[in-house]
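A.B. asks: This is what each chain is made of:
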Amino acid sequence: MSRVAAGVLRTLIPIALALGAGALVLLALGADPIDYYAFVLRRGLLTWSGLQETITKLAPLLLISAGLIVAFRAGIWNLGVDGQFLLAAVVTAALGPALVGAIGRYPTLIVCALAGAAVGAAWSLLPAILKARYGLNEIITTLMMSFLGTSLANVLIKLPFKDPATTVPQTETLLVPDRLPRLFDSTIHAGVVLAVIVILLVHLLMTRTAFGLRLQVVGANPRAAVHAGLNVGRLTIATFALSAGLAGLGGAVEILGVWGTVRADWNPKFGLLAIPLVFLARFNGIAVIGFVFFFAVLLIGGESASRRMGVPTFFILVLVGLLLVFLALVEYLDHRRRERTKS
Amino acid sequence: MGKAPVLSLRGVTKRFPGVIANDNISLDFRAGEIHVLLGENGAGKSTLIGVLAGMQQPDAGEILSHGRAVRIGSPRESLGLGIGTVFQHVLLVPSLTVLENLMLGRGRASRLDRAGTLRRFHDLSQALAVSLDPEAKLGALSLGQQQQVEIMRALWRGEGVLILDEPTSMLTPQGVRELGEVMRRLRGQGVAVIFITHKLREAYEFGDRISVLRLGRLVGQLGPERLSAMNQEQATDEVIRLMFGSPSGHQGEAETLAGRGIRRRAGIIDRSGEAILRARDLSTVAETGECPLREVGFDLWPGEVLGIAGVDGNGQKHLAEVLAGQRMAAQGSIRLGGVEIGGTDVGARRRMGLRYITDERLGEGTVQPFSVATNLVMKEIGVAGLWRHGVSLWGRIHGHARERIREFDIRTPSERTPVGRLSGGNIQKVLLARELGSAARVVIFNKPTYGLDLQNTKLARDRIREGADAGLATVLISTELDELIELADRIGVMFQGRLAGIIDNREGVEQRIGLLMTGAAA
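Going line by line, the protein sequences match chains A and B. Take the first sequence: its position 84, counted from the start at 1, is 509 in this note's numbering, and no numbers get skipped. Take the second sequence: its position 453, counted from the start at 1, is 492 in this note's numbering, and no numbers get skipped.
There's no promise every hint is true.
[Said to hold, decoys possible] Below, computed lysine to any residue pairings styled on SDA-like, alpha-carbon distance capped at 20 Å:
no.	chain 1	residue 1	chain 2	residue 2
1	B	K418	A	T634
2	B	K418	A	R633
3	B	K418	A	V651
4	B	K497	B	K418
5	B	K418	A	A635
6	B	K497	B	A509
7	B	K238	B	G197
Read the hints as simulated data drawn from the structure, not as lab findings. Please read all numbers here as calculations on a predicted model, not as lab measurements.
Build out the structure end to end from the sequences listed, making use of the hints.
C.D. replies: Written as structure tokens, this is what we have:
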């Protein structure tokens, strides 16, 4: 059996097991599992409107995943992507409508995307310096900064960036003609293409360049990195900046492509959703595209199903959780089997 | 010997995936006898101890305590049977006093019995003929004294069986002698002492009975009658014969084992030119638990091997790291070929021809999940020829690895195999292949044969000798005195961060080094 086939099998078996276990949960909730899965599949994948929604969802998830892959491969647990994403989104939403009149559509889009990435990167600066200089655990600091970032984003929407024309606190709106171009007369925007290109580039960066290899050495064994003479502090800060910058770009793209504005208390928490997917893909940029697509189908289908069939949206997270558990289990059993056949 | 054994193994077998660590081993341990278990790494000594200490369960066979079959399911049960084990590394709490350490782990939820502990402490002090201050902080004691505390703890529940796992590896020659005294005293009091070592000289000096293990099997035993009828030479030859079947086919390994390698002659180094490496007044700042350097200085000439002796933890690590550029010195200067390099980083020093082969092969020398090929280029990521504009040329990196694998005879299924899957000896070859190249001028070896089997020990030592013959300047840090005497031109001794007396490697150097290691002649 080839290595690729074995890898695919190691992924498909846990998916089947997770769907099976999920069916039991559905039965306990009083829903018919087959009806539910069929509905989710139809709504998320097999109807044109559903498929468009699913594909549109890829953009922020893939950009955040790209950021997570950079960080995780370098052994840095940037768990603050949601704060970085949201702040970048808010700044984009404030900047876009203000700029578009002065400099036109495409310059605005480019400036906003860069500004979003810069804001995301800036929001990781403090954890980065604390980690590089004092070895402070970034799990704690990035999570804290994420809370602060989410709150700050709310403050910005309600005070300086508030659109005076609306009663609900939200930023001014970037009108649809000024947003990212749509593809083939659909609701899918060009940001999806950008996201796919970015994640492929990140994959190449990590696997095919000296910079990527240095980051991986730091991630796999920081002491070996010191021994090999790598500047661990500088690489750590670069990793944070790149990771958070990509999360910020994700925020900018989501606003420029889909929403055009940010309402107060809007927080999709894509980061939290992307983290398990990145683990499922074992930090592989190409594999993560498949997982994110699969997840987007569940997400779009599951949202409809929650309205139609009364199964809460949280059930999708239950499925992802089950998938992680079964993936680990299959991995473990496979490892044991190989150990035994070796002896 | 009419005495009945206090502890016996009958056909003990223990398998691990891929290896039989212990293969049908039967042994008797008798009261009042020092029983040496001899064997190189991987011979199954550690597994055997694990079985006796209750940390591992045999797959087959049985253990008899005073003739009665027992099951030793946990370390607690092992202690309950009067079997005490002293492991290679000290397992005590440095910030507690001797007495507090001895009170740890006695029964649960009971009040600390200070008076009782002190009574037993004095009993054992007498039995061992050692004098320790029960109120001294353990961390303030020498390693030899800490080991004495470990022995007390092992004997706490009664003087039955004492297992010592390579107890001399951390000791000075003086400490080894004292340990010998303690073992003989315990023998006199009817303790069955099991002494594990891979050093032939110690086996002969201390042992009443020598059992030789090889590849998990018991391959032979020298009883007290035969042993006392032999001199050291004869006993050594006999043990080597047991270990290798016949001594002829393994001459090199036998020589390495017996410490009969060729000694390098002192005084053949041309020191008229400029020294290639000059260290002056090097000092470092230490974190807790480390030993800093204190005003270390030396000169090193091309083709010379400077041995650095000393008990582990006397600043050797800092010395190697400061020279390699991994750690910045707080003061002092290092000149390489006349150029000050104290402020430069690892990469710059490497490009100038300075190489460092670390003793922590897995800890920092390699990234275990990464391939052999990646590990071979880890210190020159981005170098032209293997990378173009920062893009990895994996074809060339793998080709480069295949060359090095061939040249250094690294036994690996492929250049893509994760380095962590290789044996210790082959991992060391990966490091040697990475560091030793045409551009090398100065090489720092830190404990280059630590944990290697005989064959690989010999290979590593040959590499060091060949390098020096080819004009490399070598700093050889080692805790094995035999190794330094075999390879070094001059030997300095590290003691508490200072480099004491660099002396020529001539006859009688052992005694002077032994004194310097304890700080007596500093």
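A.B. asks: Each hint needs a verdict: does it hold in this structure or not?
C.D. replies: Hint check:
| no. | hint | verdict |
| --- | --- | --- |
| 1 | B:K418 with A:T634 | 15 Å, holds |
| 2 | B:K418 with A:R633 | 17 Å, holds |
| 3 | B:K418 with A:V651 | 10 Å, holds |
| 4 | B:K497 with B:K418 | 26 Å, violated |
| 5 | B:K418 with A:A635 | 11 Å, holds |
| 6 | B:K497 with B:A509 | 18 Å, holds |
| 7 | B:K238 with B:G197 | 29 Å, violated |
The structure fails to meet hints 4 and 7 from the earlier list, while all remaining hints are met.
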